[in-house]
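Please build the complex by placing chain P with the ligand on the supplied structure of chain C, with the hints as guidance.
One letter stands for each residue in the lines below.
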Amino acid sequence: MTIATPRIRRTPPVPDLADIQGGILRAYGNDYSRTTYLFVNVDETRAGLRWLGRLVDDVTSARPWTAGKPATTLNVALTYDGLRALGLSAELLATFSDEFRAGMAARAAQLGDVGTSAPEYWDTPARAHVILIVNALSEDDLTGRLADLRADLGRYEGLSLMHEEHASLLPGVREHFGFADGFAQPAVEGVTDEKAPGGGVRDKDGWRGLALGEFVLGYPDESGRDSDGQDLPSAPAGPLGRNSTYGVWRKLEQDVALFRETLRTSAAAFPGGDEEKLAAKIVGRWRNGTPIVLSPDGPAADFRGNDPGANDFLYHDVDADGRRCPLGAHIRRSNPRDSIGFGELLSFRHRMLRRGVPYGPPLPPEATGPDGQQRGLIFVCYVASISRQFESVQVQWLEDGNVFGLGHDKDFLIRGPADGSGKMTVPGEPPFFLGPQPTFVTTRGGQYLFVPGITGLGAVAAGTAG
Amino acid sequence: MTVSEPGTAVGTATGTGAGNIDGQAIAITVFSTVKWWGKHWLPLLFTTLRLIPPLTRDLRKLSFIHFARWTLIRELPANGDTAPRTRLRYPHLFFESNFNDGWEEYIDAFSYVLTRGMSLFWASSYGFPGALPTGPFKDYIHRNELEAAHYYSAYPEATATMVRKALALAPAVADFAERAVRLSPAEFEGAWSAFLTDAQDLL
Ligand code: HEM
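Protein chains in written order, with the numbering used here: chain C, 231 to 696; chain P, 566 to 768.
DSS-like, lysine-lysine: derived pairs with alpha carbons at most 27 Å apart:
(1) P:Lys703 <-> P:Lys600
(2) C:Lys653 <-> P:Lys730
(3) P:Lys626 <-> P:Lys703
(4) C:Lys434 <-> P:Lys626
(5) C:Lys653 <-> C:Lys507
(6) C:Lys434 <-> P:Lys703
(7) P:Lys604 <-> P:Lys703
(8) P:Lys626 <-> P:Lys730
The set of hints was computed from the structure by calculation and includes no laboratory data.
Here chain C stands alone, though its shape is the one from the complex (with noise of 0.2 Å):
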């Protein structure tokens, strides 16, 4: 089943490059291996606006560069604290999204951050106000920027300096488990339409990217698309509801050293004992990249994510009963496509632009236990809605099962309940049953954040935002 192609034809809206901030429509590439996560609180309403009024000229924009990469970027995104704090009016703030405004502690229960998970345990502050991205070619790179900042911060009294994070691209791309990640992202129509097969959206002339207004405010979203661009979706009033988003902030720390004694011992009672078959189960792909859809019985040597048509893949046909890809495989929760029927319909509306970073050391292959490291992912991701993208997906798909058929069975690779009965089914003649499901994940920090608009940053600064 596809999509209705629109009545109205017409040609998809130009985002406004020049305004949205960079790392957002497109990554800004591998070869920016670090990134620093600043989180600033603005105690001073008035120093708070001075500084950002000074930062925002050199906020780095998604105009594609002509001179070459810049050695480090920069990009500012808020919180609903934040926002407060630099003064904008009540009117303004309630024309935010009802999630944004209470924040990500605020719904700790909904999204499973319970146990060991919730906020009072966060390394990270549960409230900040400014969290400033920077991403660097090199460490030398990163130091000089962030000496930088951190002395331009030195000159306003009423800014602190709350928390840094810094996080760094592993080896070959890979997160910590060891899977190569990142590279399957949703199509935009008009910016990234060479990954619309399997990124996409079909309707009846085939694959399509996704309405621009599905990650950036002030242009129409699937919703709108059909509508002459008169029914825009939900945004804040005024200068800040243009070429903004939503973003969620995570960190979500990895135990690494339970994964692989997991796969370990789990792999003895798996049908031929293939260790690496299993984990391939776990995630929905070989670790690297390589869909166990298409590729059952091992890796394709020569996979590579960021080649056209290396995420063209879907589920039903093929394999309705999960006996290549579980239905709980975490690839497959996290983006269904057509797997819950009626073609992608069921599940288009709920894609996010991810754009995290593992943070920590590798574990090293050969250690037999913990090393006492702290290592984990940055999750990151941006959406034009927090609750329809992102919250439905963590909380429907990733911790629940009933969509899928799965009861109320949890994504293996992310955390059982506190009490040891969760499981997953991996499916085959007999079906393996992978359990009691340990926590290998767990919430280290979060933030619900807005990214303005270049214009709209500059008119928060300017106190004339609204």
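Using the frame of chain C, we list chain P with the ligand on its own:
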């Protein structure tokens, strides 16, 4: 499955007022005023759908819906002496449904999957913007929706999908248990494995 006190379960249902949620279940109650011709149109539509079941196949395939019901209301029944039976000046379409997961997902399914059906049900209602695009349709439903004063689910942890699977699994288990007593340990191993293979999508 653990069962907690009715009405106390923290479920995964999302996207609507707290009064409409009990555990995994969500209630939706929508009243809309119907134009004069609706009182002829809606009974005709209801009868047609009842007579030709394939027309509602997609609706029944959406497994997170427990049931959905549309009714034409032309008068309010008497409620003691204080509120006598009242004939409504305009007929109303009363829609009620119980489902799992999220409010947005539910209305999305109505918009994208059952587009034509939804347009037929609400065709005669004032202010109906059409089932697509979803934005105005969601606003319309929100405007006409009533939050439940009291909503109760006897099995708040259960979902329609789980109940359906459990009902299908029960006879298979009973049958296997009956056969199992007659099997040797060696035969049992093979039979158990075959049973798991057959029943795996119900487990
Ligand atoms: C530490 C925690 C996590 C790890 C280690 C992890 C790992 C991975 C890996 C290895 C992939 C496959 C590579 C790729 O498609 O780019 C992937 C895909 C994905 N993950 Fe995660 N992930 C984590 C948490 C999350 C969370 C919290 C969400 C969302 C709420 C999420 C959403 C997704 C999505 C949407 C995809 C793409 C699926 C597709 O389009 O086929 N992940 N993840």
